[in-house]
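> Please work from the sequences and hints to get the whole structure.
Residue numbers (our numbering): 1 to 300.
FYI, nobody ran anything at the bench for these hints, they're computed from the structure. Among the hints, erroneous ones may be present.
What the hints assert, rightly or not - Below, computed lysine to aspartate or glutamate pairings styled on EDC-like, alpha-carbon distance capped at 20 Å:
| no. | residue 1 | residue 2 |
| --- | --- | --- |
| 1 | K191 | D174 |
| 2 | K46 | E118 |
| 3 | K2 | D254 |
| 4 | K46 | E103 |
| 5 | K191 | D254 |
| 6 | K191 | E118 |
| 7 | K191 | D278 |
| 8 | K198 | D248 |
| 9 | K191 | D245 |
| 10 | K198 | E15 |
| 11 | K198 | D216 |
| 12 | K198 | D245 |
| 13 | K46 | D5 |
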Amino acid sequence: MKPLDRNTTLARMQEVMGPLPPPSPGVLPSVRYLLSEDFPSYVRHKITYEADPGDPVPAWLLVPRTPTTRAVLCVHSTQRSGKDEVVGMGQRFSRHTAKELAERGYLALAPDYPNFGEYYLDVYRRGYLSASMKGIVNHRAAVDILLAQPGIRHIAAVGHSLGGHNALFIAAVDPRLHAAVTSCGFTSFAKYYGGNLKGWSHLGYMPRIASHYGLDPRRMPFDFPDILAAIAPRALFVNAPLHDDNFDVSGVRDCLAATSSLFPPQRLQAVYPDCSHDFPDEARAAAWSFLDSVLREHAL
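So this is what it looks like as structure tokens:
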């Protein structure tokens, strides 16, 4: 299957997710600092930022003590604690992505996704047609904030599960991102639970998958090879465990086979750990080394 071109993919995403509001160049989101906590290698700030007027998005901003040019947008997984998970709160150490990257010298921003953590919002009453599109808008504003930090020039999006596909969505939409790391974040629609797209169609994602496309992968206007192709030739790291019940690994391989020729060899890496729905130590180590390499390349 030949992937769609990027402009067509972005248009097709909006058919499913609803329209993407235009950006506001030169207008930075309003940011409010609520508290700051010191850690050995970074300072963690609790903030809110306005992605839309009157809509404060709760987030953690982790600022390394050593100046850096590199930043990451860290999107949490499907955990009620939301942003707290990725900054090191809780016992699931494989989810502490923002904490690990801040300790590695990256500036990290970790927002709550709608209706996780401290962020309670009826996105539909605000005029959105999907939570996925509201996520994209919030994450685009997060990129604005990262680029406004002193010295930041190179940005990646990182996420596991819910965060894994949201990292792909924002990277596809926003060309300012140099790289994406997706863990347990996708498979082809045809191989998602045998083609049953109900899990993609609830209010936390894209209801039109049910109402307009009948939960049928064959009727979907886009698929994940199109999302990956929209990111190319920028950098992409994929963690796809062999026993992930949510995102069938053979469908991941299909998507990568359809798009790998669009990426320079050094900008595409996939690992297939022998585990279930997780981002294990060795996979994260490979992902962070990959980011070090590709963002250093952009720094030259």
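> Which earlier hints can't be squared with this structure?
Those not satisfied are hints 1, 6, 13.
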